[in-house]
Amino acid sequence: MILMYFTERPYREVPEEEVIKNRGFFGVPNRFFDREAGSRLYNEYLDEMVYAEDAGFDAIMLNEHHGTPFCMGAVMNVEAAILARITKKAKIVLLGNPLPTFKNPLRIAEELAEIDCISRGRLVPGWVRGAGSESIFNQANPAYNRERFEEAHDLILAAWTRPGPFRWEGKHFNYRFVNPWVTPYQKPHPPIMIPGVLSPETVVWCAKHRYPYLGLGTALSATAELWNIYGDTAANEGYVAGSENFGYLQHVFVAETEEKAQELGKAHLFGGGQGAFSRPEHTLPPGYNSKEATRRLARTMTAGSGGFLGVSSEQLNRAKSNAEPGNLQAVADSTRRRLARGEASIEEARAAIYRSYQKAQDGLQIITGTPKTVIPKIRKILEVLRPGVFGVFQSQGPVSFEDRMTSIRLLGQEVLPAVREIGKELGIVDSFERKPGARPYTPGAQRDQLVSLEPLRAQA
Amino acid sequence: MAEWTEEITHVAGTDLAIIKGGQGKPLLILHEELGHPGWMSYHQALAKERTLVIPVQPGMGKSPKVEQIRTVHELGLFYLWALRELNLGPIDVLGFSFGAWIAAEMATADSKAFRKMVLTAPPGIKPPDGDIMDIFAVTIGVQLNATIDDAEATPEFRKLYGGERTPEQFEAFEDARTETARIAWDPILHNPSLPYFLQGVRGLPIQIIWGREDAVVPVSAAEAYRQALANTDVKVTIFEHCGHRPEIEKGPEFVKLVREFLA
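Taken in order, these protein sequences are the chains called C and L.
Add 14 to the 1-based position in the first sequence for the numbering used here, that's all there is to it.
One point on numbering: in the numbering used here, the residue at position 37 of the second sequence is 20, and numbering is uninterrupted.
Just chain L, same shape as in the assembly (with noise of 0.2 Å):
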């Protein structure tokens, strides 16, 4: 039997892919600024004991583009009527880098449809120290390589999307690419009243992961993260010698990580 399936819903006015897989009570996964990786072996751990519900993000692969989403916090918007719609909550929520983002514009509009949030390396926020990568001038292998800090210890990245170039996997980055350009281009791939925002978000407890290298996502972003969200609880957790995807880089101590902080 295969582990996952992806359907196409509709919901929140338009059609949108889900990919379902696993048992047990939902978590809504948010992936990252490249659409939905592949079924990697996080996946598979946490779908042990957790229905995986990831919607493609809209614009990114199965899901057409909805053109009136035109900020992240609208995005953001868009899934919390989903969620409504899905009547999936309140749900525990793990995102990686630009849907981790997506999560915490979510939790500033409505922090009740939540149960607990895990944010991966999320932008949105701008780093005190450092800027965020500007993956929009570089070319996609540049971005791709820059999202590891030790390729070789990293046997899952060769896994990610497939493993494939393919010019069908060429044109779903771009697109990927170009959705997140369009509502993430200026400024660039963060809200500068997010921290504002974020300090509205009471009882609902956060889990912040990092990469101590990450090279897209400055990790001074987790302190800033951590003051903004000044009125809820958060805990902050680096990883040493990891990058932007501690999900692949630190696999077995990022799974642990999230089961027992979502348990």
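This is chain C alone, in the form it adopts within the complex (with noise of 0.2 Å):
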């Protein structure tokens, strides 16, 4: 089993109420950034990352987004180069560089070659679509998100295993001289790995890659749901796909004292936590969802979403009716739509978003303790997914530099033992014990079961 450490490396100066204000880490106006404190966070980034590998990591996770405090790391390239210099062994595994963004994914496969040079062979690439918020502030055509993506991947693999130089003309791509001159250190190129957050088409794209994916903290029942398409493609692919084949991120805080725990694990909350990344509309901007996956968000649309044409007051009443007390996600939304009306305070608005924290700890969405309040919780994880690699997700919010550093020691001196154990006990083998897609599959053949709900079941 693969043990992983991750943190989005936030800016964590950034005032709350200008993330609950702006609807969204996304637009949060750049004057909130000092330069005094992001040059301390990001060299205290390093050295986390760096302790994390000595606290028995196996492997160290970026990630890139722009124009937003919730992660520094807009050239997650950059520090990655750093990494591959600072740490001896740990896997750098970046999840990952969002492709449709860029003009010229010719110098991706440059740059990712290089790292894995100088790191001699431990980089592992992880490419995404993006978020939308990443194809708005990149200028890049959200109607061409997934072509782009898909092109810039098949360049990318080209250029590091075709020999050079050849021509590339595709539809979004076009290069006279494709000719690298470093090529990656792993051969015939690094063990790709792709993060998800429930694409249906993305896992399916996956399974036939025979990449493993990896769940970005996404709930645990839907996440098994989508694992089982990913192992029907794998059979009709002609392979069996196992605990190899996945991976699976997860809020995790440690403290001496579970009181501590309690107090700092709310920053995983911090200005609306992950629902809070961007709005709705610079999220999914128009052409980035399939036209399968905009049919099913027209069916899921209710009255509370904000409304597009004629809406009568009575509807708008019934819209705000539709936030009930028990979902609180959708009345955190309802809360925050309500402050942009000025019908909200700042102080009910972050009040919504600290209801749901014993709900998200309830649910395994946030694990947050001693070690010997975390280990079983992250056991019933295992349980569920198998995942082949797991990922501590680090704090987003107000933590000192000091109360993580001491997380990642407890984790390292306690819980990651206990973890391998478990993974042992479960069975679970990684992409690097087996090649994802290496076992064949034989027609009619139970394939193997990848998750299970069980655990599930009988916690609630």
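In case anyone wonders, no lab produced these hints; they're calculated from the structure.
There may be inaccurate statements among the hints.
Stated by the list, open to error - Distance condition first, Cα-Cα at most 25 Å in a straight line; then the derived DSS-like pairs of lysine-lysine:
| no. | chain 1 | residue 1 | chain 2 | residue 2 |
| --- | --- | --- | --- | --- |
| 1 | L | Lys45 | C | Lys305 |
| 2 | C | Lys117 | C | Lys35 |
| 3 | L | Lys48 | L | Lys239 |
| 4 | C | Lys305 | L | Lys48 |
Because the structure is a prediction, the values reported are computed rather than measured.
Got two chains here, each in a separate frame; can you build the complex from them with the hints?
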């Protein structure tokens, strides 16, 4: 099993009310960036990654977002290049480069090859379509998002594996001379991993390419459903999928005492947490979704979603009552909309966000506690999803450097050894122990059971 | 009897949905970026003396997407091809917003395809003052509301697109927005070469109509169009207290102006 450390490298000094007021991190004006704080944070995050390796993590993961205090890694490959030099043995996992937003993906092939060489073959590249906000920030046409993703992917692999020079004439990218001097250290190319947030199209695409799919903290039952889709697709492709085909990223925060962990763990919800990454109109610009995904969205559109035409006062009232007290995300969203209309205060909006803290813990979206209390919760996730890669997602909010390092230390000392044992007990194998797609599937045979919802039912 | 029909015709290498209604000489209508808005009272009024021919833009409604159309100028070439095959030229044309931009692009390629042209608040030229609204970075609700200066004073606003918020309509809007984004994402809803090529338009009388309070395409662009169309007859009419949809915000005045110009 691969145990991985991850932080989005948030700019932790941004006032929370700015995030709430702007209805998301994307859209917070950059006048709140302070160069001294930024400089300190970048260096702390690099130190954290080195410390995580020393603490016993097998892999360190970076990601990339643009125009947001949520993630300072706008140019993730720069950080990866530094880590390639200052770490010794950890895999450097990049999840991922938003391929459709790059006008010149050949340069990405060059950057990644350099990182792989400097690290002597420790790079695990991963590619994403990027949230819609990445398309907006980078002026990349969302209507061509998936096409550009697929063509850039094909081009990078070709640049790495086809003898150059050759000409590339695609729909979106054209090169008269593909001949990167530096090709990756790992042959034929570094192992690729793809992260996602539950797009079935991406899961099917991964299964067809035999790439491990890593769920980014997605709801357990929905994740289990998609992994079964992966397993079925794999069987159709003629191979058996197993734990080596999957990874899962989980919010985990550990402190010396339960009380302190509970207090600091709230920072996972800072500004609204993952759900406040960007406004819906920035997350899903026109064309970003596939036709099928748009149809699904259209069906689930309720009167509470803001309205597009001829909205009557009755409809508006109905919309308000749709935000039932049981649905905390909806309550928080509704409060934020009211805030935008001047009908709610910042304090009310903030309170609505933090009301979901206990529920998020009960649903295992956030795991926080002492090593002793978090281990059984992690066990449950491993029992349900059996991921070959288990990633620990460090806190997003205003937690001090010292407390973050303490969390890493405690994870290393007490949690990681226990999790490794659980992995062994459950027979979880990772993608480095067994190549994804290496086991042929015999038509008609029962494929491996990939997930088990039993532990969740037992909990309910 | 229904006032209009919609038929799929195979033309210019593809199936194309064409909405038709009315009687008399054909009048080509090029709809706006959200698709054909439904049979509104201006359609009804104009259909009394003209046969309205409203092609549904490829990729919207029942017209399949044509992947080879990658710019608004190419979309204009497509419509010119369709007009030739349908033997509709020279024809009068009335364009709304994005549809008016398409019409302007068509004029640069073949101004002889038209007899007279009415352009209602087209994007396509970068306005000298203010920005074209970034309709791709807002929700459909925000986009729609921005098209009207005073919704209370515009009863027909609630009837646009059938006035119902159904999953089907949501999907239709997303299809339309996707197609508009696909061909006009970058530069943002304009073609930097258009003003240069508009100088080549000759012998085509053009009526430009704008609302003073247009929040989608600033009214300053009206003058930019006039200046670019330096070698043909251009009339500019600006309605006061009016947004991006003079056809419903100033319905009777709009219809009168169009009828007189096309007479």
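Hints, verified against the model:
Annotation: proposed proximity of Lys45 of chain L to Lys305 of chain C holds, straight-line Cα distance about 14 Å (limit 25 Å). With a C-alpha separation of about 33 Å, the suggested pair Lys117 of chain C and Lys35 of chain C falls outside the 25 Å cut-off, and the hint is violated. About 35 Å separates the Cα atoms of Lys48 of chain L and Lys239 of chain L, which puts this hinted pair outside 25 Å; it is violated. Among the hinted pairs, Lys305 of chain C with Lys48 of chain L is consistent with the structure: their alpha-carbon atoms are about 12 Å apart, no more than 25 Å.
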